[in-house]
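Protein chains: 6
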Amino acid sequence: MESERFKRGTERLSEVDSTAGENVIASLDAIAPDLGRYVIEFAFGDIYCREGLSLQEREMITISSLLTAGGCEPQLEVHINGSLNVGISPEKVIETFIQCLPYTGFPKVLNAVNVAKKVFAERNIKVGK
Amino acid sequence: MESERFKRGTERLSEVDSTAGENVIASLDAIAPDLGRYVIEFAFGDIYCREGLSLQEREMITISSLLTAGGCEPQLEVHINGSLNVGISPEKVIETFIQCLPYTGFPKVLNAVNVAKKVFAERNIKVGK
Amino acid sequence: MESERFKRGTERLSEVDSTAGENVIASLDAIAPDLGRYVIEFAFGDIYCREGLSLQEREMITISSLLTAGGCEPQLEVHINGSLNVGISPEKVIETFIQCLPYTGFPKVLNAVNVAKKVFAERNIKVGK
Amino acid sequence: MESERFKRGTERLSEVDSTAGENVIASLDAIAPDLGRYVIEFAFGDIYCREGLSLQEREMITISSLLTAGGCEPQLEVHINGSLNVGISPEKVIETFIQCLPYTGFPKVLNAVNVAKKVFAERNIKVGK
Amino acid sequence: MESERFKRGTERLSEVDSTAGENVIASLDAIAPDLGRYVIEFAFGDIYCREGLSLQEREMITISSLLTAGGCEPQLEVHINGSLNVGISPEKVIETFIQCLPYTGFPKVLNAVNVAKKVFAERNIKVGK
Amino acid sequence: MESERFKRGTERLSEVDSTAGENVIASLDAIAPDLGRYVIEFAFGDIYCREGLSLQEREMITISSLLTAGGCEPQLEVHINGSLNVGISPEKVIETFIQCLPYTGFPKVLNAVNVAKKVFAERNIKVGK
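Chains as they are written, first to last, in our numbering: chain A, 1 to 129; chain B, 1001 to 1129; chain C, 2001 to 2129; chain D, 3001 to 3129; chain E, 4001 to 4129; chain F, 5001 to 5129.
Simulated from the structure, these hints should not be mistaken for laboratory data.
The calculated label-pair distances, taken between Cβ atoms and stated as ranges, are:
1. R5050(F) x E3051(D): 49 to 55 Å
2. E5022(F) x R2123(C): 58 to 64 Å
3. S3027(D) x K2118(C): 39 to 45 Å
4. A4030(E) x S3054(D): 22 to 28 Å
5. R5123(F) x E2122(C): 55 to 61 Å
6. E4011(E) x E1011(B): 53 to 59 Å
7. E2091(C) x G3087(D): 22 to 28 Å
8. E3051(D) x E2011(C): 33 to 39 Å
9. R5123(F) x N23(A): 35 to 41 Å
10. E2051(C) x G3052(D): 22 to 28 Å
11. E2011(C) x C1049(B): 52 to 58 Å
Take a look, some chain F residues computed to stay more than 10 Å from chain A by CB distance:
12. E5004
13. T5010
14. S5014
Since the structure is predicted, the reported quantities are computational estimates derived from the model, not experimental observations.
Idealized CB from N, CA, C, for every residue including glycine.
Using the sequences and the accompanying hints, generate a full structural model.
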């Protein structure tokens, strides 16, 4: 059922991305409401509700993919928050980015760490020494 | 010590990528031996030997990044093998690729699944129904 | 209804990509059947069945996006065939690629034209002088 | 003739991109005037003046390519304006972006819709419900 | 004059890419002759004939850009040959690729070195120890 | 020795990127200090200290790669400064970007020229007519 996918997608989105995700959907309302619906139904209702990986693993994959794609800073911001929301530690977020280093080079890793810096500051998180 | 990094990198490479990784290094010997040395020292000696993530998590991040970068089929082949070598199940390799779908679109996921298909066939692995 | 999306997606896929598309789905059967289902349900059942653009316009957008992404030669082959199937002339396929030139540079356009060359040869199509 | 290409390129640029395009050229004057000249002569004088596609089709291809490339927000802004200038409806601009979804994934489509949002606001355009 | 750009582009192409470049142009003749003409007029007649950089510097920039773009192996093959043709040593070609390492990561550098390996073998060139 | 690589990397970084580079390292101190250390040890201590290319050639390759990657504006800013620091003229920086045009298309070249414009303004540099 469409409504079934939408319902479970909304719940999953709320669990992962909380307010940040809802803001993305709301911001699409006036210009591309179907796009917001696909985010909920397909990305969250279909993909994020699958079995076989934990939510933490899904977020770790997501931020690795967004870092590598480049130019996805707004989405990276949402999903660094999402990673923390599902229980990944801030240190592990940074470690995930560092693991991408041999495959993507420094610039993309530096850009992702800068987004993490902003998110950590907003959440009053301290990492490192 | 350089030799320390090279030694632990060689061990880690052997643990993760086994023959496939060693073949990559050997193939560089006559044309760019320093590049092979950097793979061992930096990618494996520095990054893969860090704490904070399990080897399985590192491989999961690596194949997510390689899928997203695109055009990295030879490296994806090495690291799908690496993923299986460190104990990720074939089903979980495929599930990792599917998690990238909302962020990268279908073509890159289809390309990665095709490489997995080849690797699974070579290792006599059956997945799916 | 899920089955509704799958049904209309199958019809649309068959209309656009014919045998080539069906082969892609079939090739996923043993390794990632859900991925094949998403191609049908989401790409074809949801997106390709939307109103607001003709099928010819959708294929023109698709091949422009695939050319620009790079490394999507297998998908470009499917959708150059798809473009011809929905009535875009071979000359217009080439012209679409040439329009991408200022935005992507020569290498990606040359790669796409090479795929077109192969498709046109298979279909016994002659273009140019 | 060089001057012939420059002349027809200037006219085409003015037809498509109006003030926005002229501003890009003007901004290059002090730092890279030849680059501005190539935009006019090659992109607009050569490519945009070709036969075989309507101006609306050319703009639709251009914004599909820019969305897919990523990181081209300034150029996307110019060509969303260009799309509207040559008579593509705002709804069709959004629909073009949505057609890219299966091929590029959500982040790039969301980024492009955000640029459209800005352009539509500046032009006092309302879309959606 | 168009013919002036075409003439000097043909000469420059012949100087840089020799037979390999001419083969690319010839292969476009039946399917996209204008694309071949733009390669000559714009890439070689306009850009490669500019002052301010030596031909060796232009080829070094070109192979750095092609390596970074990814998926441009056919063009990389032409321009590794081009680099050697204008007098860049094989060792310097490899060193150029290694300089890209911190910015692009290992996979793209490995892919480029593999193309160099093929070109060097065809030209009977030995590098390394 | 690790400390040897770090020491020579720090010197090279200071020679090339001066304050800008040091600011990048300092900004990583509280969130990802090891990443800063890898920039110094690997990018500058290993790669930038190699023989076979002049520092000017290394910077020219770096800015060509960063332009082509896209989305690396912060790193491009550091290395346009670096290029000027090692003695590349402002005109040659722009010419390097223009050489990338046939391979990357206009948008990436325009984005890079815009970063150069900012750097040149900060350093009170005038180019062009």
